[in-house]
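Asks: Spelled out from the first residue to the last, the chains are:
Number of protein chains: 2
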Amino acid sequence: MEDELRDLVEAEDLGALRRWLDDRPPHEVAAELGRLDQPAMALPFRLLEKDRALEVFEELDPVHQQCVLDGLRDQAFRELVEEMDPDDRARMLAEAPATVVRRVLAGLSPGERRTTAALLGYPEGSVGRVMTPEVVWVHPWQSVAEALATVRLRGADAETVYTLPVIDIGRRLLGVVSLRTLVLSDPEERLDELVNTEVPSVAATDEAEGAARLMQEADLLGLPIVDSEQRLVGLLTVDDAIEVIEEADTEDVERQAAASPLGRPYLAAGVLALARSRLPWLLLLIVAATMTVNVLTFFEASLAEVTALALFIPLITGTGGNAGSQSATSVVRALAVGDVRFGDLPKVLWREGRVGLVLGVALAAIGVVVCTLFAGWRLGLVVALSLIAVCAWAAVVGGGMPLLAKKIGVDPAVVSAPMVTTLVDATGLIIYFLTAHAVLGL
Amino acid sequence: MEDELRDLVEAEDLGALRRWLDDRPPHEVAAELGRLDQPAMALPFRLLEKDRALEVFEELDPVHQQCVLDGLRDQAFRELVEEMDPDDRARMLAEAPATVVRRVLAGLSPGERRTTAALLGYPEGSVGRVMTPEVVWVHPWQSVAEALATVRLRGADAETVYTLPVIDIGRRLLGVVSLRTLVLSDPEERLDELVNTEVPSVAATDEAEGAARLMQEADLLGLPIVDSEQRLVGLLTVDDAIEVIEEADTEDVERQAAASPLGRPYLAAGVLALARSRLPWLLLLIVAATMTVNVLTFFEASLAEVTALALFIPLITGTGGNAGSQSATSVVRALAVGDVRFGDLPKVLWREGRVGLVLGVALAAIGVVVCTLFAGWRLGLVVALSLIAVCAWAAVVGGGMPLLAKKIGVDPAVVSAPMVTTLVDATGLIIYFLTAHAVLGL
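For the record, the sequence lines run as chains A and B. Here UniProt numbering is used: the first residue of the first sequence is 1, the next is one more, and so on. Here UniProt numbering is used: the first residue of the second sequence is 1, the next is one more, and so on.
Pulled out of the complex, with its shape left as it was, chain A reads as follows (with noise of 0.2 Å):
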């Protein structure tokens, strides 16, 4: 089915169109259409029946939720965002320019603006912006049975009806009861005898990324949501709670090849956009190595009277950035994982020291054999003990290099590998030409 939707709009065969859509679920429409050009697709949106349009659209990237906006009729635009869920029109408007916001808030009805101007009015990042407001809520003074009841009638338009916050008159957060419980347990029995107070809640002001993953590690569906009070606002569910995973992931991985987040798919992002956010960290890169170019004009006479020692320089450089890529992307997951803190550097630094020196050890024997090849017994000696050194000194700042930054508040993400690599380009070089000088006596 590679690129089918695009061969089918291009033909613009509208009935092959209608039946592809209908044959296939939701999230893979909204694939496939997010990989259309921009114009391209509002045609095939519009020929999609109303409720799957709206299905559909929810799984759209923001970004391409745009787009099909920009295509639809002023009717068509307000039902459609009128019926989308409040978590969701407030993301999408997170990213949209002013005038779009204008237009969706204006379009919508009083009681669906104040939800969404709501959720916008919580800092970027925080759960209060990706949480659901629409909450089934039960009362510890009711039985099962009543309770039961009240998912009944109000359970149509919530987002999900499998946890359930239990609350006091004042709005106040008592615990929550799943909906399992409930079904498993006798009618008549109180809610205050099965409420679990010993689930977590959080401020909707705190950061998705921690409140997520805290729904991950105690494996809950639902997460409910406070003000500074403790009064429900909404609740946190368990497909929201992967999508903020997963966007921090790429951000972590995004940042670990030093280039900032991008926050939208790869192939929406505009060719400037790309090199905007690549560019500071090579500028920054770029002029951290020029450390390296001062140590060589430092060691530029040995240069001179043994030519042959410039031969190796970027096997030595590589490599010893390849090892300490190799610890501080061990780390850094360890980190955010929460398998490592802080407290553990000497451990780590210790570990990562043992760990470079046998993979030194193992690379001199090769690297040995290929420098006598090339240019004798006495330079691949340099060159084996330099890689030793390299590689011990490489796993050992690779290692330790995330821990501190978490320690300062920088995200560790941003300090491995290409930051680790030019760190330990210039100081390899200063082993690498300090040995020689041992060995060769220069």
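Honestly, the hints are just simulated from the structure, not real lab data. Here a beta-carbon is modelled for each residue, glycine too, at the ideal position from N, C-alpha and C. Among these hints, one or two may not hold up.
Stated by the list, open to error - Here's a subset of chain A near chain B, in silico, CB distances under 8 Å, partners left out:
| id | residue |
| --- | --- |
| 1 | L184 |
| 2 | L194 |
| 3 | E198 |
| 4 | D219 |
| 5 | R354 |
| 6 | L363 |
| 7 | T421 |
Claimed, not checked - Away from chain A, derived, C-beta distances all over 12 Å, residues of chain B:
| id | residue |
| --- | --- |
| 8 | A11 |
| 9 | G107 |
| 10 | R180 |
| 11 | L385 |
Starting from the known structure of chain A, fit chain B onto it as the hints suggest.
Replies: Positioned in the frame of chain A, the structure of chain B alone reads:
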């Protein structure tokens, strides 16, 4: 609470330890237990009351589960393992040494032994290994009230009751119905009116990662798993799917840094295990890096003539490597989340080429200044032109290689950052020296 548990264990203050254990949710206790040294783990575990012990145990990593089991007496061991969910048990046994597997299987009741052995019969990495076999199913001829009665009767033992597979008399899967639908529907209605037949199902022998990503895209809480004849054999629940995705992402991250997946938490892996996971890649990369030695040997005469050329070797190769890593990482992530596919190769190359040119021009502006300061304007011109060409080339290589890898069935994560860096090192040097020849007329 940094390492509080460790202090309590060392102080052997059983009262305080018990209070600490009782005050925390199971996933936190598990996380802190996992950070203790292996022999110390069993003591606090034995202090947990029975029900909590099971919850904590199920949250532990398989490696840590074995440490705990090693410290338990036979009776406690048998009870704990008997009460585990079959899929958690199978996951633990999959990584246990044969003696532990025998000890565990021998201690189980016949019914539990059968389910566990069945799960272990599925290939490693398949859905069969991670699904739960304890499913509550319903039939299309049942009414809503009858189905709810089934849930009440058999729901207590199942991992979830929110997604109920609907099967015919031959156990063949017809679709699913959610508990939410049952609760919100008229008790008299028949399930064949309500069953959702659009929900995908997956074969137990299929890859777990694909099934988990499918659940995530389609926002499902449960995915029915079938055998080759479409008969229901289990259900993949959303919390297990999240775990599968997290493990797959960790593996991707490790592969991107040129290390084989560890398959266990960072601190639980020994120094030799870490070295083993990294060494093969470093060896491969150092062999590839000898290409750079070849290139430099070829241009050794030029190096001897203009020693200053050597000063900028790490700057050129480092910058090329960083630019290539950025492209590779963007494209690997876009592939993983489904934003690009092989058919997009020309589009990706064209985009990355332009991005690389933009970046190269910006960096050249810096490079020319630095280099002119150190070595005069003619070498500055060489470095500037080389940076432009190397950045464009690195971006194209970095963007194209993951797509090609995917096409020939290699994990794209494997070919990213370090692999691209090493390749770009050698080719970047060729570009640099050819430019030098042209400009300086060597």
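Asks: Determine for every hint whether it applies to the structure shown.
Replies: Taking the hints in turn, this is what the structure says about them:
{"no.": "1", "hint": "L184", "result": "holds, 5 Å"}
{"no.": "2", "hint": "L194", "result": "violated, 14 Å"}
{"no.": "3", "hint": "E198", "result": "holds, 6 Å"}
{"no.": "4", "hint": "D219", "result": "holds, 4 Å"}
{"no.": "5", "hint": "R354", "result": "holds, 5 Å"}
{"no.": "6", "hint": "L363", "result": "holds, 6 Å"}
{"no.": "7", "hint": "T421", "result": "holds, 7 Å"}
{"no.": "8", "hint": "A11", "result": "holds, 17 Å"}
{"no.": "9", "hint": "G107", "result": "holds, 26 Å"}
{"no.": "10", "hint": "R180", "result": "violated, 5 Å"}
{"no.": "11", "hint": "L385", "result": "holds, 15 Å"}
Violated hints, listed in ascending order, are 2, 10; each of the other numbered hints is respected by the structure.
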